[in-house]
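Student: For reference, the chains in residue letters:
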Amino acid sequence: MFNWFSKNGKHKTEPERPTERRVVIDVQDVTKVYKMGEVEVHALRGVSLQIYEGEVVSIMGPSGSGKSTLMNILGCLDQPSSGIYRLDGVDVSVMPEQDLARIRNKKIGFVFQSFNLLKRTSALRQVELPLIYGGTSGRGKKARAALEAVGLGQRLDHLPSELSGGQQQRVAIARALVNEPAMILADEPTGNLDSRSGTEVMQIFQSLNREKGMTTVFVTHDPWIARHTQRVIMLRDGIIIADREVANPLIAGEVERPSEAEELEGLFRDAYYGGKKEEYN
Amino acid sequence: MNLFETIRIALNGLATNRLRAVLTTLGIIIGVGAVIALVSLGRGVENYISGQFEALGSNVLFVFSAPPATGSENGIQPITTVEAEDLANPTIAPSIQQIALEYQIGGTVIAGSKRTVIPISGVTPNFSEVRNWVTREGAFITQSDLDSSSRVAVLGTTIVDRLFGSKDLNPIGQQVRINGFVFNVIGVLEERASGFFGDENDVVFIPLTTAQTRLSKSRTRDGGYQVSVFHVQARSKEVMDSAVNEINAYLSTAHNIEFRGEEDFQIINQADLLTSLGRITGVLTAFLALIASISLLVGGIGIMNIMLVSVTERTREIGLRKAVGARGLDIMSQFLIESVVLSILGGLIGVALGWVGTLIGGVLAPDLELSVTLDAILLATIVSSAVGIIFGLYPAGRAARMRPIDALRFE
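Protein chains in written order, with my numbering: chain A, 252 to 532; chain F, 3 to 413.
Isolated chain F (complex conformation):
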């Protein structure tokens, strides 16, 4: 009795009851399809989010003022231009390449009859390099703009749309009023795809000094100007941790921080953010897979149920096979192969279904790069054949243990 014959007999057994075989398989089809589709969805979201973070620049740190963990908001010493200049000195912080500064103020922007209220960012010229902002038309803010605190503005496409009626217009040379002051538009930013952080085209950049001196009076006690965020570019990905330590050490001294937890600033390492976010999305994916696995389990129980019915129904056949010389093992493998064939077949159809589901998902959410990976297919195949074996074992064992006389006498 070879395997080939056993498989042939098992397939024959299935072929005699096609509709039932298909319905039984449905549980596995749905289960595997759900696992494949949901896992690739979860992966897609994971990749999307990490892609968004990587677009920020993988060696960028953010430093901003924040209330200390142990105290109140009172008495916070803001981070300043002077501190940034110190940190940019390689003898103080050798791991830091450069620091782009951003000072945010609330602003009302008016062009003609249209107006919009939006945070205005005063930035340094290197902001465009550190944060990958490219101009579509015109130029970004230059050092001479900064030196002369000139009233020039670079607009995001959403702002252009809101103020001039279309985001494709070229408003260079036009004038806008920001908080009452007239600014010349010198550049329009390249449009960025909206993503995890919302619409990033909703920005107005002006020179940092203009924001600090003309739109707001933000001098601090030490003679520097207040800054909202340091966008710190480390020399490489590898020295991110030492960059964090250097900033921490410097600012703690500058702000007279004596104990841990009293820091009135916060440093966000993008890699850390990415890791913790990756952990969250990983859990999400695992959770989706778990839910889908429940339907696989249900499918397995369905197979077991039908196999038990089938064994009972075919008691006489089992009796006859035993009478003409089938051993328990032959009967066992016949029924086991039936259930494995059912579940593998279901698994394959389920993979196809999951694939189709993924393709549809890709059409519905083009931002997510959804793809069925080989490991998902392998997993589904292995799991579904395991389901076939596990849930087929009991019915097959029952068939194998039948005594031939009882089986032959069965009505």
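Bound conformation, chain A alone:
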């Protein structure tokens, strides 16, 4: 059940890809070195990857693996120390901050674990924000359409404090897709949600991909999220240790998430220390 990568044993060879698909993310030999006082921290030690248009990819790895650094670079929030990063055909590895802001505005939609909505601002206003900074016209109409696309057409004037966690995250998704970006970058998007809201959010991501071909990159350490994506890139100590296709991606909502007890089945002795016995089986 947990061996959810393709089982054909080809994991050292390049996976076959349809060559006509456009490359959205093209990372070549990217490194990132932080200077912490005297010490140099090598967060990325040479990472290369391509993500194609319409792909849904998760980037996984434990803390300190460089996954956050990679996400920051992919999101143009940070720049590599060396190497080349082309986003949607544009080399963004050495670019002034002002131009990066424009790239983030036009090409990338961010979804964060903690939603990052503005306080005391209506859902509509939240979604308009990227349009305001992009100087786009017809903002109200576009923002409304984006909120309708995430099923919040009836909640345009609601403040974050009047919305549930799942709804807040959907506002954030609407904000991410309102500028029709080249990709959505989602950092633990279900991390602050209960499982039902998490499923709803994953359904939205999947339908965006299915209907609009939205390229989506998840950064997560939750294998359950990864199982809903088409491809998993695994990082450890600043390098990619695996980049593999998911054989049968789950469709959100179709399969219930296994409980911890199910996931850890076979790990335990029979000794029982508490809790309701029937919950453990």
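Treat the hints with caution; some may be incorrect.
What the hints assert, rightly or not - Label pairs and their computed distance ranges (CB to CB):
{"id": "1", "chain 1": "F", "residue 1": "R405", "chain 2": "A", "residue 2": "D488", "range": "22 to 30 Å"}
{"id": "2", "chain 1": "A", "residue 1": "R447", "chain 2": "F", "residue 2": "A354", "range": "54 to 62 Å"}
{"id": "3", "chain 1": "A", "residue 1": "K286", "chain 2": "F", "residue 2": "R20", "range": "39 to 47 Å"}
{"id": "4", "chain 1": "A", "residue 1": "E304", "chain 2": "F", "residue 2": "N19", "range": "39 to 47 Å"}
{"id": "5", "chain 1": "A", "residue 1": "E514", "chain 2": "F", "residue 2": "R20", "range": "46 to 54 Å"}
I should point out that these hints are in silico values taken from the structure, not numbers from a laboratory. For every residue, glycine included, the Cβ atom is placed at its ideal position computed from N, Cα and C.
Mind docking chain F on chain A? Use the hints.
Tutor: Okay, now just chain F, sitting in the frame of chain A:
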């Protein structure tokens, strides 16, 4: 990203923390209010004082005996009637229109059982014209009073009050005793508002000759009579300086003054007095404005402090805005506009407050004509927006320079 949107975002930011915005603005409100109120107070005092001096007549000079700058009081040659007559001659002093003479002596005035001790002024009839004294009842001293050294007196309202019990009484025809001599009251002066020079209604005027010959023996060596003050009316404001020179030249010759600084008389030009007094009150106003500006400075620092807190508090918001495409400039203008809006708002409320303060001051001191002038309002607005920009610049710059990843990661 247009200005309108930036202003809207900034106002939104302020609206989320109203109490704080109001408290922050308080510094500016008080500062601007203080500047407005104190400047208009200073101006009011300035105008009041110059008004008082102008009421003296703007083309009047005063000449009186005074010890020379270089010597002692001994051997002063007093100014006399004869000298005044010479000076009134246009061939000697063409700039002089006329000279009113005043000779002051100490006197005790008695009416019935009441008495008052006061300097008595012997004056010439033209004194009323030169010094703008008008009688309320009766008449001023006439030439024939002067010629006959008659014992007649014109009283100020304060004296009437003191001697007859009420200043509204008409004492004409009554008799008063001055230094033992009986005088007929022939006139009462129009009441003058008390002002910078104190109560001016505290006067008794009698004919100059009466004062010089009957109440005092003041003959001088050259046969003239001693006079306390020449009230010299120049032909116009423009010839005041030449009038001063003419008097100086004449009296220096008459008193045998050989060197500068040995003059035993003094000429006071009212315009000079006004200028130096204006300088003093101007400094006073500037000083008041300076003190008030200190509170503006403190208010500005308050804004900076709160803006810094606000920037730190909203680090994640800044990070998010940058992530969705805000440039440093957008963030900068957002926070700058917030601080400018705060300070301008404070400035406007401060103007209103200063205005109210001025109105209250006007009620408390009705003699001062207090008014808020347009330039004070303009100044306050410009200064307070400048305060907003100057003290908002650093916090806004700090917000603009934040790196998006650091800002997003901030807890």
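Student: Now tell me if each hint is right for this structure.
Tutor: Status of the hints after comparison with the structure:
A hinted range of 22 to 30 Å holds for the C-beta pair R405 of chain F and D488 of chain A, which are about 24 Å apart. Remark: the range hint 54 to 62 Å for R447 of chain A to A354 of chain F is upheld by a beta-carbon distance near 55 Å. Separated by about 43 Å at the C-beta atoms, K286 of chain A and R20 of chain F satisfy the suggested range of 39 to 47 Å. Between E304 of chain A and N19 of chain F the beta carbon distance is about 44 Å. The supplied range of 39 to 47 Å therefore holds.
Evaluation of the 46 to 54 Å hint for E514 of chain A and R20 of chain F yields a pass: the beta carbon distance comes to about 50 Å.
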